[in-house]
Amino acid sequence: MATLTRASRIRNPALFICDIQDKFRTGIYEFPKLVSTTEKMLRAASTLQIPVFITTQNRAKLGNTVPELQQHLNGPHIRADVDKTLFSMITPEIEKLLPAPGSTPLDVIIVGLETHICVTQTTLDLLERGHRVYILVDGVSSINPEERGVALARLRDAGAVVTSSESALFEILGDASHEAFRAVSGLVKETKESTKGALGVFSKI
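So that you can map any letter, position 159 of the sequence shown is 159 in my numbering, and since no number is skipped, the others follow by simple counting.
Worth flagging that the hints you see were computed from the coordinates, not collected in a lab.
Here are the computed distance ranges between Cβ atoms for each label pair:
1. D83 - T26: 17 to 23 Å
2. V201 - T104: 31 to 37 Å
3. E190 - P92: 36 to 42 Å
4. K196 - A60: 33 to 39 Å
5. T85 - A183: 35 to 41 Å
6. P101 - R154: 23 to 29 Å
7. E193 - A60: 34 to 40 Å
8. G63 - A100: 32 to 38 Å
9. N12 - R154: 23 to 29 Å
10. S177 - E146: 39 to 45 Å
11. E95 - R11: 18 to 24 Å
12. E68 - E146: 23 to 29 Å
13. G174 - A153: 25 to 31 Å
Just so you know, even glycine gets a beta-carbon here, dropped at the ideal spot from N, CA and C.
Make a model of the complete structure from these sequences and hints.
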């Protein structure tokens with residue numbers, strides 16, 4: 001039986017972007033703030049060359065990944081862009097791209113929706129496979145905001161870490177001497193107002 005893995009420090013990061021699609025724009029709680037956080041993380045992933053895995057849920061009916069993010073979905077660090085019917089992002093296509101059992105596990109940073117459905121099932125699947133998971137509190141949402149708190153409490157108990165986008169980015173850097181420090185800290189300053197707005201609504205869990 002698989003053992004759930006508790007997260008510690010971020011050492012082998014990957015960014016998972018779950019189902020941020022056009023059709024959800026009008027229904028998801030504070031959708032624009034979710035998109036802003038995700039765009040910041042995508043820009044940082046490009047700078048840091050963090051592998052990115054993206055999914056859509058039933059793209060034919062629910063639309064593509066939103067245009068605000070599409071402009072950042074290029075480059076060799078974009079490892080997968082998969083349409084799915086599973087609620088979990090761990091589709092057969094993505095599972096093939098994950099480190100094999102016994103290899104260094106991923107530190108998966110996850111954003112997207114809905115917190116209590118696709119984000120939850122993705123997190124549990126990753127933990128079962130021995131990976132560590134960091135859920136960005138300013139980067140996940142649901143139609144009903146009350147679902148977020150219930151889901152995040154469950155996922156904490158399961159071994160995931162609930163953190164913020166800024167905390168995760170500086171943890172990845174680890175040191176002000178990091179070659180990407182100036183670029184990432186500049187991005188953090190550039191997006192400080194949108195980050196403040198997202199935390200203002202999403203940190204109430």
